[in-house]
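Modelling step: build the complete structure from the supplied sequences, incorporating the hints.
Line by line, the protein sequences are chains A and B. Numbering follows our numbering, in which position 105 of the first sequence is assigned residue number 105; successive positions increment by one, without gaps. Numbering follows our numbering, in which position 656 of the second sequence is assigned residue number 656; successive positions increment by one, without gaps.
To be clear, the hints were calculated from the coordinates, so they are not data collected in a lab. In this text, a Cβ means the ideal position worked out from N, Cα and C, and glycines have one as well. Careful, some of the hints might be misleading.
What the hints assert, rightly or not - Restricting the straight-line Cα-Cα distance to at most 25 Å, the calculated cross-link-like pairs of lysine-lysine (BS3-like) are:
id	chain 1	residue 1	chain 2	residue 2
1	B	K861	B	K559
2	A	K42	B	K1142
3	A	K27	B	K503
4	B	K547	B	K531
5	A	K68	B	K331
6	A	K10	A	K42
7	B	K162	B	K184
8	A	K10	B	K387
9	B	K162	A	K42
10	B	K362	B	K341
11	A	K27	B	K433
12	A	K27	B	K387
13	B	K184	B	K199
14	B	K362	A	K10
15	B	K185	B	K433
16	B	K433	B	K387
17	A	K77	B	K362
18	B	K539	B	K516
19	B	K1034	B	K1023
20	B	K1050	B	K1034
21	B	K341	B	K331
As the list claims (entries may be wrong) - To give a feel for the contact side, a few chain B residues facing chain A, derived at Cβ under 10 Å:
id	residue
22	M365
23	Q372
24	G402
25	R405
26	K406
27	S407
28	F409
29	F410
30	S440
31	G441
32	Y442
33	S443
34	C445
35	L446
36	K449
37	A461
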Amino acid sequence: MAVCIAVIAKENYPLYIRSVPVQNELKFHYTVHTSLDVVEEKISAVGKAMADQRELYLGLLYPTEDYKVYGYVTNSKVKFVIVADSSNTSLRDNEIRSMFRKLHNSFTDVMCNPFYNPGDTIQSKAFDSMVSAMMVQAS
Amino acid sequence: MSIPDYMQCAEDHQTVLVVVQPVGIVPEDEFFRIYKRITSVAQVSIRDSQRNLYIRYRHHYLPENNEWGDFQTHRKVVGLISVTTCGSAKEWPQTSDRFHCQKDVFGATLYDSRLLVFGLQGEIAEQQRTDVAFYPSYDDCPDVEKRVEDFVESIFIVLESKRLDRATDKSGDKIPLLCVPFEKKDFVGLDTDSRHYKKRCQGRMRKHVGDLCLQAGMLQDALVHYHMAVELLRSVNDFLWLGAALEGLCSASVIFHYPGGTAGKASGREPSLAHGQGQAADAGKRHRPGAQEVLIDPGALTANGISADTSSEIGRAKNCLGPEDIIEKYKEAISYYGKYKNAGVIELEACVKAVRVLAIQKRAMEASEFLQNAVYINLGQLSEEEKIQRYSILSELYHLIGFHRKSAFFKRVAAMQCVAPTIPEPGWRACYKLLLETLSGYSLCLDPKDFSKGSHRGWAAVQVRLLHELVYASRRMGNPGLSVRHLSFLLQTMLDLLSDQEKKEVTQSLENYTSKCPGGMEVLTLPDGLKLPPVPLSKLPIVRSVKLLDLPVSLRPHKQKGLLENNMSSKSPFIYSPIIMHTRGEERTKKIEFRWVQGDVCEVQLMVYNPMPFELRVEHMGLLTSGVEFEALPAALSLPAESGLYPVTLVGVPRTAGNINISGYHTSVFGVTSDCLLDGLPSVRTSGCVVEVIPSLPRLQLSTSLPRSAHPLRPSKEELSSSVSVQLFNGETQQLTITLENIGSEDLETLEVTSKTCNTKEKLFGEFLSWDLEEAVSQLPLKPGQSVTLTVNVKVRLDFSGGENLLQDLNDDGISVTGLPISSPLRQVLKPRAETKPLGSESSKTDYNHVKTLEAVMTFKYSGGAGKMEGYYRDLSLGVHVDVEPSVFFTRVSTLPATRTRQCHLLLDVFNSTEHELMVSANNNQDLVLHPSECQRMAIQVAKFDFHTLPQPDQEAVRYTNPKLLEEERLHAQASMISSTLGITWNIISFDGEASVEGVLNQLVLEHLQLAPLQWDVVVNGKPCDCDIIADCKVGDAVPLEVKLTNRSKNAVGPFALTVVPFQDYQNGVQNYDLQDAVTFIGSNTFYIDMVKPTENSACMGALLFLYTGDFYLNIKFQDDSAGQGKELPPSWFGLPSVHIKALEAPIEAGA
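Shown next as structure tokens:
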């Protein structure tokens, strides 16, 4: 399960970021922020190849000592980043994919809300609860 | 070998290492000057070959690293240049010894060495040596470069010989085993004769030769040797050396593919080194043109097999690796290095080199993998300085591959490392410098202008953290000015993102810092040239709108009418155009209708609010202006927490005339002064910021003797500067003293006073306000501080009668106003009689008791000083509000003919509507005392009026005015004449006033009061005769009777026939007309008067003879034949007096 989930706007500022160990939130901010370099690099690399049919899932962006960072980019260049604990070896690539898909669906719901201004931080409760369900329960 | 050289790059493999070191005491700057000159010789072209030698200079090199020289020959120090100062020949031997000592440090590896001696004058004690050069001073050494070149050539000779020596080693000879320092003990007791060992020796030697070839500029040979070394070492699983061979292969290929070098922009490198590298790169380009196009065929190698014969020409670039392969081989090499803990530095350096190559290839992803790997290479216990260096270089490399965020992250880590708690002397300066460099990575620009557009977008949490760190670092650096600037920036740009608690903390620390160093608007320049633009705190408080206020009504300047037209500047040639030139941007620069006056306090209203969760104290809030010299009077304000919109008025005094532009405002919050320009604040609404300031005008202050009015005038169409109110009884006159004081700084030169009555519903008689300006004007010009007084008479005369029903109420005695003169003697005794009839009901009483108001505005138009020259003046208006209480009024008016034809009685029903007893008096009449709410009739005998004597309106005016108006005017003039003649006044204890009949006079009454245009004069016995005059005559004497007609009408009248009828009145209602016996006419009793033209007169004479004594009356009648004429004229024109003649006994008769 994820320890941190972030949604990043096309212009690379965070729309939503949540992490489980709340006390060290800034660390995840840094992790996600630096992962954007890789995301951008991957997008530009893929973009050259085939712009239309690219895979939204970017795979593992980079591993750190404690965490693995996965990325996903929608067609509108909104990025999803999931940070998972490296020690959690049971996590399969497929599970990560499905998490991203769920995240994407929920994000689409948020965007469909007529009261949501694209570009604002996400404050939807439904989205929040969905993200909570994907997070590791801090216990 | 523990200290990695992070600056290494692949092409360093082809360089030879030369150490340049000072010996003895050499001033540092002098040494580096020489060092710089030496390093300029980075590439030497060898004379009789096509080859180049590249030199890498170091002024500091660990001998420990030198021990790895066999492993990679570019790590080997092959040359030593020592720089020394030698003052005298005596010191020379000592210096020479030192040089030799130094030589011994690198002794094992040195090919050659040089000593540069500076400062030795005169004779040189020893014989000329090739390895020593003497220079008189550091400034006088023209051939240093030349000497270095010679030196390099000598190195090359050694190198070349070594290369040839090693390369031509026969396989049969015993090849020594080259090894790295940590391996030495491993090989103790190893079987040196084994095939395995031999192969290892062979492989290692091949690799070594490859290195030498590369250094000697024989790239192709190097490639071949490396390939062979790889094959040999792979077969014996000598991984460390295999890695080295692979890396050598990569280096050679990189050198071949990228002659421009892989060091990139050399941003962080030592300048001297970069210089050398740059030259080398240039030279490389020159010498290997078209290297990129060469076809690479690594497969050719296997086809050729491993051949010892390097002399055989192998096709150019055949053995060279392709770009993809380079990376593969680097990976492989690094993985082999990774097997050895002691080769960490080598591994790390290889990673760095690979990253540089990948950066050139623009393969960021793979580069990042290398870097990721490099991060985890453990070099054992690192000193703090090394850590900083390592993080910095990681940051630099990430930057190189375009990972700016990662770069910023590592730079920040490096910055934090600079001030780690374990460091005894934290380098806050370095930390601050590094933090500044991270700003771009976090897309943060320290110019607040970038944030003025819309809401903040970015990694707020990270940015806030960074700013906090900048603040802290700058504070510890001992530069509170910077802390203040960064904190202001944090507050200004991140305000919306801070929590209430954070806001409190930030502002508290800001206040702390500003107590030491107040924040200002100047641009801070850092030592490295970075400029920190000023941060105006435009959000503390937030200004929503800016509105320029007009001057108060009394101070507004007005333009003279005539001059206004000249001033009409039209941008367009059309008088009217439907196309309105309107753009959004114009709004701000739009000029405002009103004007300000130089020297007068002007106001601008701002709507502000406080976004902070606590009370905000703003000090020195003032206006910023341009165009006109302006003295801003700053204000201090305190805004409550999270206040709503709050109006703030900023004031200032323009000191010169012209167009003033309100460009912004100035505040001082938490000790930070900021100049907020409106141009930079798109959210501020304004209706224009440019206003014209006109030259100064005098200023008048008005004070009056009457109390100020509590309520404003009802039709408040125009704003008044002040107003007074007074309560008066109708007809009362009050004096109002107005004092005008010049409180300005200019002389008052002109003063005009006008007045205007506001409500015209009430009919007003006479002049309401009257004054005499002469005296006041004579005192002009009025100096500042002086004052002038003006007395205004307030006189109220209103019509309070006006109720028809009242007229009827009192119309009880049936006195009719008839046109015919009633010359009854009865009327003589008519007296004013008490009218005791009370008014009908209470309600009707109040009806007549109501207070009427009268309002007028007095306008004082004044000017002076420079403003007058420009045609401006000021208005001061004084509202005069008078509540008029009814005093007495005439409920009814009628006339009774008097006994004389030229007079009549005016009957007035006077009503006292006050609650006081009052006394009414009129000219030549007795006083009449009226109790409250009492109505009495009053009769006044008046001479009829000759309205012709009234001044006629001049013809010019008549022509243009409405005839109705003219008529009204005439009536008014007549009425006022009557009123003044009557002079009716009333008196209540201390008040007195006039009562006017003007309102109650109707046409009919007027007609009666008017002298008829036809004047009839009857003269009896040569004496004019009227009704109440008794003419005496003697019986028996002829009494001459003359009737004279004066025509004052506009038309000719007549002819008339008059008959004189005598009669006797017995005073008992019986009149005796049968007097043929008593009176005879001498001549006809009928008079004929011919037509009388206007302004002419005509008279006819007759005579009477009285035969008896007695009282006789003569009735002069018109005969019927003239009635036709008479009918056309009003009957009142024919008012002829009846003549009363008393015939007395003649004295003769008495005697008889």
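Hint-by-hint comparison with the structure:
Of the pairs offered as hints, the one joining B/K861 and B/K559 holds, with about 11 Å between alpha carbons and a cut-off of 25 Å not exceeded. Taken as a hint, the A/K42 and B/K1142 pair is broken in the structure, with Cα atoms around 145 Å apart against an allowance of 25 Å. For a cut-off of 25 Å, the pair hint linking A/K27 to B/K503 stands: about 22 Å separates their Cα positions. A distance of roughly 34 Å separates the Cα atoms of B/K547 and B/K531; the hinted pair therefore is violated under the 25 Å criterion.
A threshold of 25 Å between alpha carbons decides the hint, and for A/K68 with B/K331 the separation of about 22 Å falls inside it, so the pair holds. With a C-alpha separation of about 15 Å, the suggested pairing of A/K10 with A/K42 holds against the 25 Å cut-off. For the hint linking B/K162 to B/K184, the alpha-carbon distance of about 23 Å falls within 25 Å, and the restraint holds. At roughly 35 Å between alpha-carbon atoms, A/K10 and B/K387 are farther apart than 25 Å, so this suggested pair is violated.
About 49 Å separates the Cα atoms of B/K162 and A/K42, which puts this hinted pair outside 25 Å; it is violated. With a C-alpha separation of about 31 Å, the suggested pairing of B/K362 with B/K341 is violated against the 25 Å cut-off. For the given pair, A/K27 sits about 22 Å from B/K433 by alpha-carbon distance, which is consistent with the 25 Å threshold. Distance check on the hinted pair: A/K27 and B/K387 sit about 20 Å apart at the alpha-carbon level, within 25 Å; holds.
Using a Cα cut-off of 25 Å, the hinted pair B/K184 and B/K199 holds, with the two alpha carbons roughly 17 Å apart. Restraint check for B/K362 and A/K10: the C-alpha separation of about 23 Å stays at or below 25 Å, so the hint holds. At roughly 46 Å between alpha-carbon atoms, B/K185 and B/K433 are farther apart than 25 Å, so this suggested pair is violated. Proximity of B/K433 to B/K387 is assessed by CA-CA distance (about 17 Å); at most 25 Å being required, the pair is judged to hold.
A distance of roughly 22 Å separates the Cα atoms of A/K77 and B/K362; the hinted pair therefore holds under the 25 Å criterion. Between B/K539 and B/K516 the CA atoms are separated by roughly 23 Å; this keeps the pair inside 25 Å, and the hint holds. Proximity of B/K1034 to B/K1023 is assessed by CA-CA distance (about 14 Å); at most 25 Å being required, the pair is judged to hold. Taking the CA atoms of B/K1050 and B/K1034, the gap is about 41 Å. The hint is violated against a cut of 25 Å.
Straight-line distance between C-alpha atoms of B/K341 and B/K331 comes to about 17 Å, which keeps the hinted pair within the 25 Å bound. At its closest, the beta carbon of B/M365 sits 6 Å from a beta carbon of chain A; the interface hint therefore holds under the 10 Å criterion. Interface hint status for B/Q372: upheld, as the beta-carbon distance to the closest one in chain A is roughly 6 Å, under 10 Å. Restraint check, B/G402 versus chain A: the minimum CB separation of about 7 Å is within 10 Å; hint holds.
Given hint, B/R405 at the interface with chain A, holds; its Cβ is 5 Å from that chain's nearest Cβ, closer than 10 Å. Hint status for B/K406 relative to chain A: holds, with the closest Cβ pair at about 5 Å, below 10 Å. Checking B/S407 against chain A by beta carbon gives a least distance of about 8 Å; that is within 10 Å, so the hint holds. At its closest, the beta carbon of B/F409 sits 5 Å from a beta carbon of chain A; the interface hint therefore holds under the 10 Å criterion.
Look at B/F410: its Cβ gets to within about 9 Å of chain A, closer than 10 Å, so that hint holds up. The criterion of a C-beta within 10 Å of any C-beta in chain A is not met by B/S440, whose closest approach is roughly 13 Å, and the hint is violated. Of the supplied interface hints, the one on B/G441 holds, with its beta-carbon coming within about 9 Å of a beta-carbon of chain A, less than 10 Å. Taking 10 Å as the C-beta contact cut-off toward chain A, the hint placing B/Y442 at the interface holds, the least distance being around 8 Å.
Look at B/S443: its Cβ gets to within about 8 Å of chain A, closer than 10 Å, so that hint holds up. At a threshold of 10 Å, the smallest CB-CB gap from B/C445 to chain A is about 14 Å, leaving the interface hint violated. Taking 10 Å as the C-beta cut-off, the interface hint given for B/L446 is violated, the closest approach to chain A being about 18 Å. The criterion of a C-beta within 10 Å of any C-beta in chain A is not met by B/K449, whose closest approach is roughly 19 Å, and the hint is violated.
Hint status for B/A461: holds, given a least beta-carbon distance of 5 Å to chain A, under 10 Å.
Checked against the numbered hints given earlier, this structure breaks hints 2, 4, 8, 9, 10, 15, 20, 30, 34, 35 and 36; the rest are met.
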